[in-house]
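Participant: Fit chain B to the given chain A structure using the hints.
The primary structure of each chain is shown beneath.
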Amino acid sequence: MMKKEQGHIHPLSKVTEDIERIFSKLGFGIADGPEIETEYYNFDALNIPANHPARDMWDTFWLKPENSKKLLRTHTSPVQVRYAETHNPPFKIIVPGKTYRHEATDSTHEAQFHQVEGLVVGKDISLANLRWTLEQFFQEFFGAGSKVRMRPSFFPFTEPSVEIDVWFPEQNKWLEIMGAGLVHPKVIKNFGLDPNEWSGYAFGGGIERLAILKYRVPDIRMFASGDLRLTNQF
Amino acid sequence: MKFSYNWIKSYFEEPIPEADKLADIITMYAFEVEGVEPRNDDFILDISVLPNRAHDCFSHSGIAREVSAVSGAKIKQLFSPREFEVSKKVKTIIKDATATPRISALSVENITVSESPEWMKKFLEAVGQKSINNIVDTTNFVMLHSGQPLHAYDRAKLTENPPTGGGFYTLSARPVGKGESLATLDSKEREIPEGAFVITDDNRDAPLSIAGIKGGAESKIDTDTKDIVVEAASFNPTLIRETSRLLKLRTDASDRFEKEISPTLCRTGLEEFATLILEICPNAVIEGMADAYPNPQQQVEILLPKDFASKKLGLDISPDKVKRILTSLEMQVSEEGDNYKVLPPLARLDLVVKEDLAEEIGRIYGYENVLTKPLAVSEVEPEINKIVYYTDKLRREQTEEGYSEVQTYSFVDSGEVELMNPLASDKNYLRASMLPKLKEAYELNKKNKDLLGLKEVRIFEIGKIFKKDREILALAKMPDNTEIDLDEYIASQPNPTTNYLLSNTTEPKQFKPFSQFPFITRDIALWVPSTTDPETIEKLIRDSAGELLVKLFMFDKFDKDRRTSYGFRLVFQSMDKTLTDDEANKAMEQVTKALSANKDYEIR
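The listed protein sequences correspond, in order, to chains A and B. Count along the first sequence starting at 1, add 8, and that's the number in our numbering. Count along the second sequence starting at 1, add 6, and that's the number in our numbering.
This is chain A alone, in the form it adopts within the complex:
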């Protein structure tokens, strides 16, 4: 009688698949890792020592018992360290995944969200490589009119560090999209590599943010609401 109804995949899954598809065409692999992380991989290995004000940049959910030093990962960067420890360079990876920040929830902030990070390690990697990669990505993801610009920022695990803004033709303005930079020599050492021989760049941004900008979803809380009135539109 009626044709079998086709279900819908979640808009965040759709965006993640788009991102995976675009980067795989650029020769990137995909890495994944645990949502429960250790303090070492989430912070120390990334040059974010304990008791340092830089840790304030990430409000963290800690797990009981206190001395276990376990937390819910605040970014997918720990997977970069895990991957680099077990794979020889050169390599290019993206790491999409669920992340958590101890933040009050409102229409633009969520405690549970998704990030995608990228890491390229090779010889003589420069910001020019980073610019090329992001331009390739955004032109495919947002459309041919997108442009990329970089301005100064700070992350303990990159040096130089930049904010990446993307030009949105339909809104006629620059929008902050992600952070990026050249991997800090201390972190290259934590990868088990010699920073005089190997260099790299990294970038990271929120998948919800990309979905909100691309699909104009008005409230970030809709994504985890379980509501098909969102999912079935896509």
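To be clear, the hints were calculated from the coordinates, so they are not data collected in a lab. Quick caveat: nothing in here was measured; it's all calculated off a predicted structure. Not one of these hints is a red herring.
In silico BS3-like pairs for lysine-lysine, Cα to Cα no more than 27 Å straight-line: (1) Lys515(B) <-> Lys181(A); (2) Lys78(A) <-> Lys474(B); (3) Lys474(B) <-> Lys77(A); (4) Lys329(B) <-> Lys131(A); (5) Lys473(B) <-> Lys78(A); (6) Lys33(A) <-> Lys399(B); (7) Lys72(A) <-> Lys433(B).
A few chain B residues that face chain A, going by a derived Cβ cut-off under 8 Å, partial list only: (8) Thr33; (9) Ala364; (10) Thr378; (11) Ile393; (12) Gly408; (13) Asn454; (14) Arg464; (15) Phe472.
Where a beta carbon is used, it is the ideal one built from N, C-alpha and C, also for glycine.
Facilitator: Same frame as chain A, but now just chain B:
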């Protein structure tokens, strides 16, 4: 942090860009400016100084130096260095050089406490600093100008030793004693947490202030104060951060100390204070300076290959330009073959390795100059991620079975893994199963079944569940109420050999807002000739039902005697209010009218 445009301007002889333009320049080359607010004849810039630059840019002089480096405007030397006699009245003693690397003090006599000059009051008030009196204001001015917090004590309230005149007043610092409390300047009696340090009147070992955070009420400057001791100290940043956290007290001083400041600023802070106080109180006498600084900060030397910045940043920049940029940032640059030997200013604690210099060069030169360079093509295809391959595959298989994907929260009120700091008391566990929240989502979606145009609600979620010792990737489904371990399933599958499934690149859909108000459904069934295209009926219904129709779908169809019966469900809803039955009925009347107009249709 708020900065006064006029104050910044006072560092320059020549004109600098207008406030809005200056904000753009600072954003693109130094720090993001969140806002520019006009205030009387000034503009207040809200600048997000990056965390690794607090040590030199939580100050107007620091921002002015940035403006100079970025715009090329020549900066004025507002203060000249001064020599001091060794004080014969004031001493400083360090008991713990790790907690307090430097304690210095300026002894000033014969001051007169009065109102501050107008120009100083204006600058202070522009950035939200209350004017108190000329002495306290000058300490605050120096802090907001140079980044070094100062604190002034009324010398008469300290103990002289020996007390017969000709003795010394001595400042020191030590951990707070058990149960020791202090009445602080803001008229609060504070119990000081264990481990915190206090500045002491060493001759009677009594606390004067909470070190690096807040001064005490007892030793404050009064209207009849004549002689003062001005403290300029350096503190261990972790100590200040922890104390501030335990006290639940943040001050302008603690904000700066917890980010670590160069101890060299103690000296310049006191020199600046001396210059200002002699202007404000011409009869004042700088009696001398006391200084305890056992381990002076070492000068960093960085060897920078001349082409390092070009290579790292991926831009064309001549070694000469590199040298000029570093010099504009007050670094000393000398040649050493193919390298530059660079000595950064002592205040710049963030410049340690050559990558730090590359960042300085890149941002001042301008990241817009970074070229574009493709990545080298790798000879080896990256391995295919097995989990991604199979979850993509499973996702698709579920949708083909009519299941739609949802996501729910990981935080729940019971489970095997507990959080130390949950956001709410009923969100203190990580889910050991997705099913409870999935069931809630199922009930919600069942209520909206008609709005969604679904005969049945079928949903699934792929995500992590958290057991006591491990996290598991799982697939949960409703109404089946099943949850299967995907880690196990995927491990049992063969390794994929082709690239993972790629989603279709259909045109991105725009989100359409949905209403929070209840909806009303109405059904209509009619006989039509079997040759009729159902789309024709649908169009007729849509055109006549009006804008309150949000969903239309066919729920029934059967054939008999060369006629077909169609059953349609209409869903009415308003974006702004709850609809009445009356409004739904009116719309149905229009639909019935339109369908009846065709003689071949028979409404059942």
